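In order, the protein sequences belong to chains A and B.
With my numbering, letter number 241 in the first sequence gets 241, and the count goes up by one each step, no holes.
With my numbering, letter number 467 in the second sequence gets 467, and the count goes up by one each step, no holes.
To be clear, the hints were calculated from the coordinates, so they are not data collected in a lab.
Owing to the predicted nature of the structure, the values given are computational and were not obtained by experimental measurement.
Treat the hints with caution; some may be incorrect.
[Said to hold, decoys possible] EDC-like, lysine to aspartate or glutamate: derived pairs with alpha carbons at most 20 Å apart: (1) Lys518/B x Asp109/A; (2) Lys9/A x Asp109/A; (3) Lys618/B x Asp261/A; (4) Lys69/A x Glu616/B; (5) Lys518/B x Glu258/A; (6) Lys618/B x Glu24/A; (7) Lys625/B x Glu88/A; (8) Lys509/B x Asp261/A; (9) Lys65/A x Glu616/B.
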Amino acid sequence: MNSLITRAKELLENKSVQVVIGYEAGPTSVARPAFITDPAKAGTLIYDERCVQNLAVYLTKPEVKHLGKMAIVATLPVMRSIMMLISEQQIFADSIVVLGISADGSLLDIADVKVMQGYIEKSDLGNPEKYKELLAELNKLSPEERFAFWQKELSKCIKCYACRQACPMCYCTRCTVEVNQPQWIPVQSNTHGNMEWHILRAMHLAGRCISCGECGRACPVGIPCHLLTMHLVDQVHNYFNVYAGTSEKMSSVLSTFEPNDKESFII
Amino acid sequence: MARIGVFICHCGENISATVDCGKVAETIGKLKHVAYSTEYKYMCSDPGQTLIKEAIKEHKLTGVVVAACSPRMHEPTFRKACAEGGLNPFLCEMANLREHCSWVHEKNDLTTEKAIDIVRIQVEKVKLNSALQPIRVPVTKTAMVIGGGIAGIQSALDIANTGHKVIMIERSPSIGGHMSQLSETFPTLDCSQCILTPRMVEVAQHPNITLYTYAEVESVEGFIGNFKVKIRKKAKSLDEKTCTGCGLCTTKCPQKKIPNEFEQGMGMRPAIYIPFPQAVPNRPVIDREHCTYYIKGKCKICEIVCPTKAIRFDQPDEILELEIGAIVVATGFDIKHADFFPEYGYGKYKDIIDGLQFERLASASGPTTGAILRPSDGQVPKNIVFIACAGSRDPAKGIAYCSKICCMYTAKHAMLYKHKVHEGKAYVFYMDIRSGGKNYDEFVRRAIEEDHVNYIRGRVSTVFERDGKLIVKGVDTLLGAQPVEIVADMVVLATAGVANSGAEDLAQKLHVSYDAHKFFAEAHPKLKPIETNTAGIFLAGACQNPKDIPDSVSQASGAAVKVAGLFSQNELTREPLVAVVNRTAPPMYSTCVGCFMCQSVCPYQAIEREDFKNREGKIVKTVAKINEGLCQGCGTCVALCRSKSIDLYGYSNNQVYAEVVALLNEY
Chain A
1 MNSLITRAKE LLENKSVQVV IGYEAGPTSV ARPAFITDPA KAGTLIYDER CVQNLAVYLT
61 KPEVKHLGKM AIVATLPVMR SIMMLISEQQ IFADSIVVLG ISADGSLLDI ADVKVMQGYI
121 EKSDLGNPEK YKELLAELNK LSPEERFAFW QKELSKCIKC YACRQACPMC YCTRCTVEVN
181 QPQWIPVQSN THGNMEWHIL RAMHLAGRCI SCGECGRACP VGIPCHLLTM HLVDQVHNYF
241 NVYAGTSEKM SSVLSTFEPN DKESFII
Chain B
1 MARIGVFICH CGENISATVD CGKVAETIGK LKHVAYSTEY KYMCSDPGQT LIKEAIKEHK
61 LTGVVVAACS PRMHEPTFRK ACAEGGLNPF LCEMANLREH CSWVHEKNDL TTEKAIDIVR
121 IQVEKVKLNS ALQPIRVPVT KTAMVIGGGI AGIQSALDIA NTGHKVIMIE RSPSIGGHMS
181 QLSETFPTLD CSQCILTPRM VEVAQHPNIT LYTYAEVESV EGFIGNFKVK IRKKAKSLDE
241 KTCTGCGLCT TKCPQKKIPN EFEQGMGMRP AIYIPFPQAV PNRPVIDREH CTYYIKGKCK
301 ICEIVCPTKA IRFDQPDEIL ELEIGAIVVA TGFDIKHADF FPEYGYGKYK DIIDGLQFER
361 LASASGPTTG AILRPSDGQV PKNIVFIACA GSRDPAKGIA YCSKICCMYT AKHAMLYKHK
421 VHEGKAYVFY MDIRSGGKNY DEFVRRAIEE DHVNYIRGRV STVFERDGKL IVKGVDTLLG
481 AQPVEIVADM VVLATAGVAN SGAEDLAQKL HVSYDAHKFF AEAHPKLKPI ETNTAGIFLA
541 GACQNPKDIP DSVSQASGAA VKVAGLFSQN ELTREPLVAV VNRTAPPMYS TCVGCFMCQS
601 VCPYQAIERE DFKNREGKIV KTVAKINEGL CQGCGTCVAL CRSKSIDLYG YSNNQVYAEV
661 VALLNEY
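So that you can see chain B by itself, here it is in the shape it has in the complex (with noise of 0.2 Å):
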């Protein structure tokens, strides 16, 4: 005989404001098999809990309905509470009355009415509640890291640094990401390059990182701790332990008009290059789609010329198979080009730059070792034009968001310009300067105030040219929208920073999600910034949406907190509440007949196959098994398998039938 416990919380005036408590404890402690049912004004508090603990010893609860918030908030709570008291954790349930009842109705009769049956309904379901044991899954205390740029490498850094192992993924020849682009950085202008290059150093040498450049997720399977991950080593077309990095193939490769992809395009490689010369690892890759010989069929100059004879033009690309604990997605982010903005010519005018092109201009390693020079004639130019929100804060445009980091790079621009160009005019066209950060607000009063950067708060419609100058026409919304037109030599986008290329493709392998810009989507905006909602995959930096170096580093370290959390432990403990699919006695051994669509459905790649083999041990039947680890409670295999041969448990077939009865039946 089934003895159920109620207990209906207050919530402070959260409920009681408008659900009458004292009558919803009384009905329902009329109701057969409710051997106990009282209110309390905090029931997650120390008091409340230990009401629910004494109640259960108190009165022999075989369940317990904790009528409050959300289970989201404090179903582990009260399950801990009952644990306490004696009862299975699982025996436990929460009617909400906050969210679906009290805070979404006014206070009248049928509020408590509604109240009472959302109640009731969990006492239905709570009596056919069974006692389960959480699952155990061991942990494999390897982590992933995908992408090699500054977060990338800080989490892997932090990760290698608890001990355990790390294996990084950077698509590109090497690491560094957009930081190692970037001349100099705010709000302190040292040098990005300086400050990065010990890392990348630090990861190439860490005994417990494994670093993978040129190589990219083929597939993820599996789950938190027990992940198997498929990646794909592309082709190097060079023998890495052989090549010593001399470079010498990359000078006499006869193909040198690539646009080069480090210097944003204003620069040309050959086609077996290292991306910079600071790169990790040094080591060139033969670009096979620019490469003379995979395009004539001969040249293989590099090989000749190789003096330790690495170069491997049959080389094919090889995929690694690894286990996997954790991952940190760190894959960074793009920006718009100049191409997509129409009004500013659609990218046809050479001296319309975008913000990552201005950082090689003014980068002592880039194509013009640092001098600021108009790409079109090689000219210093003396008047200069930042539009910030090139894209950003624009619905027009499909980007309603802010880029974060554009209005304190382009006070960096503008800064970084004057410092060189003494006798050139800076003018910053902008919508607001967000300057929120340690120093931040100092740093572009400093760009304004000490180096006389012009802002002009206003937007720019149109950029055209006019005698070989740039002739910007915008606005000046703090002199009355007074139209403002300056003669340009040069502009300079501080284009929307967007989600990286082939992030869709990414997410949809790792079963994460993502927003509708492409950027992966965290747990959960405030208290779960770094977990992504597949247990096990966290993310760093940008590619959840625009950040600057301070946060992409934090949110790094952050990630590499949660994976050492991970790893700390031998074993995981997974609530018990998935799938099942039954099984008879033989001949029949499950009513499931094996069509599989389940396995199609799943999103979890949680269902298996099992064979029942007759004594001869010829397979006589195949049907769907679950596994367990993977397995995370959707329902979305219950709900299609079309003989009802899958149940999930805590929401069984027999518990949800038994709450749409105790709505339609009179109490």
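Okay, chain A solo, but in the shape it has when bound (with noise of 0.2 Å):
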């Protein structure tokens, strides 16, 4: 990993950024962002197995931006994040330098959007193999019983919005949930309200979700709420064929009309 300590090092000395989005170790086993402003302590930064964690979540926190021009390391859920916020206008293309980590763990040199958007084009775009299974398995359910399923799951939820707050796209200043007048989305936890929430989080989603699961894993509780935009990941590639952030400049395929558009689905 020392590529990766030089490369951050250089870019804080000579200012080209501010601030190096990494990982750290933590003062356990795990790993833990690292928010690097001080070119001497680049070297704590580390890349490997246990680094995990969505950093593109932090892009657009105010208290990051604040602290000037970012460089971040990223994977290619980061990447693609990356990009999904570019073309939602969440951060500029050029406020950003992209520390690229490919799927062996060595240091890519992504110049700027074009090279990031090749290197996510050349990629396996679909959801992770090691969720496709339970997304097949849940699929053979019958409606009842994925319904059964979902309730029991999300009947112990807490509310606690966990997966919200680790979700890069999930980066409304107010969420939805927040807004009390009217309160369209009930406050306390109870299964029938907890499933209202989690449809709504799918739905904001939709054609949106990178696959990389941190939802789920974020969730205390171990609800595997990332099966549900999962989900539909699969139905937006199969009805649209389009798999999100992969480009700068793509247009929300839930908004946006196409005359080619699949329509089969329409009732």
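Two chains, each in its own frame: build the complex with the hints.
Structure, rendered in structure tokens:
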């Protein structure tokens, strides 16, 4: 990982960026996010199999943004999140340096968005293999069985909204569930209300989810809520032949009409 | 404290026959915040409106619910009544007891219960209504007419004569449209060109009309009174100011084998051409697709022969940006051609032609200078068969509608043939003769009785060629479905009128709706036949459905009046029921995060960007902003906004929520 450290140090020293977002070793065995502003501290950066968090979530946080121009350690899901954030105008391509990490953990030379796009296009964009099986199993169930499955899972939800906080695409400064005039989504945690929240969250991510699985990983009670959005990834790909986060200019699949769109799902 | 007045209308017996209006008024009267509740036979009548006006004053009402018909009918009436009673008109809501309740249910207690619920919902909603002020927008007093056929010409002239500027756009090199191709016109048999060309010249000479031929609409943005239109002036490859229209280039052009569109492919034209002798403007254009120079890189004979050196081979297309207040769409129609009919040989028999081709044959300026001759061998046909409803009224062919003009022009064709070929025999196969119109039926009778055209009621199953003759097989349904076989020299198909090419594309650029057949759709089939559902865009002529000349001209004048009416005011007032993106205190400025997904779903391009800058002038946040002039209040953005940062005046989230809660709660 010396190349990553060298590159980060270089960027900070020549003031190309003011902060490098990456991973560092935490007090326990887990890796935690690091926000390096001092070139002398670039040495604490690590990249290994423990570094799984989607760091793109920090790119839209005002407390990180105000540090200045950012560099970010970016695996494929992070790069795709960055693409989505650029296409939704939450960040600007020229205000960010991507320290791309390839699938085998080596540093990529991502000079600009075009190069990043080229790398993303070459990669496998479907849902991760480990979730495909689970999704297939769920899809085998009858609608009643599947509903029962989700009822059971979602009854555990404590509405901590960790799934939302972990998601780089949930960047609204005021989430719709915080609107209480009127209170469309109930505050209290109960199975019905929990379902409302999770369905709403999934729908807000339809056509935008980049399959990083962070929502499910963040859930303290182990709800596989990432399967909801990942199912939508499959659906959107099936109907519109589009994967999210593949181009900085992509328009939202569900809010644009193309004359050659499939319309088979319109009843 | 809200003081709501509720007015239950009987609508004669339309509502009271199934709903117990007395009970509704009484129950609603007991609700909290309802200060006054009453019923009346006709709320929309003058005494009904007076009832509302007086109640507003007497009971100091802060909101009014009129429970009557659909707001589509009488909302303006009651809003005005409220305004006259001293209440802001947007504090008046309608509960639809007629379409939503009395008309669709039988008389029983449940129907009355439902009526009470419908009114209750509106009472809860109106409590949260806010007083709104109408939006005023300026009007650009320049009209654009798209299409230079007879409808476009009439509309443009009528608007121009009211003193307003008109921009006319025609995609072909000359105005005139289909009417300029016709030989004679029914029901008077006067020469089409003779009555049309003076109008064409008038357009060219009118000081208020700017004519752009060989031009198409590129894009349309904006809204009624304030459209921003881009038009593409296709390169004519010619300097129109220098060209004198002498036509020398057109005679010297070596490329002469291009099927002539104006002659419906029955004649040829060169690559540099003037479509027809009376063309307006009388200037040639180079058809770059067929010109030898553009294909092979050399020739330029037209440039060499041009006495005024007007040819410009490198001329680019020009994009003009125009500010337009109103648009008249008059893009006309097209017809199906013989290749649409497998049963008549898919157009492979030369002597089966369509109606427009017959017009060219019969026209003095046509390829045969008016002689009716077979295209195959130039002989005079001795037997001629006209087949009406070729494609029209045939759901199997996907065209269920009547093309309307064919009965009349077929009678005209048969008559013209008989006038030119006295010894010839003319047969017409028809389904029904639809000749409604002033002097129309008399015209058809004349064809049958005076010109002895043989009308056979029945359809033609097939036409095939045998020994150089066309064998027409059909039935005569008036003789007990007896098979008929006619050996003909020529067959004329009165093919279905269809939407013009590019109609769908144009409709999408204009954001107006169109029907399954790609004809432009009117806003209301009876009461708004000229308006489209986009304010400020009107229809004239056959772009709406096949129409004859008198109908097209009448509608064109109607559209002109609509435009003139719009231009008679300096400002337009619009209902303030528009969407709004919220604003909060800095540093947030708005809960909008500026993802601009709303921008892509807005059907009216009403969503703009607003930058917030700090004291140094640096942009700190960009959020969405609704252009009130453009917004039609459809609410699509409201539904899409993930952070619920958009609300709709008159249908706010709070109001809708209150309605739902009212319905769920006991009263």
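Against the structure, the hints come out as follows:
no.	hint	result
1	Lys518/B x Asp109/A	52 Å, violated
2	Lys9/A x Asp109/A	16 Å, holds
3	Lys618/B x Asp261/A	40 Å, violated
4	Lys69/A x Glu616/B	19 Å, holds
5	Lys518/B x Glu258/A	18 Å, holds
6	Lys618/B x Glu24/A	34 Å, violated
7	Lys625/B x Glu88/A	16 Å, holds
8	Lys509/B x Asp261/A	19 Å, holds
9	Lys65/A x Glu616/B	18 Å, holds
Hint violations for this structure: numbers 1, 3, 6, all remaining hints satisfied.
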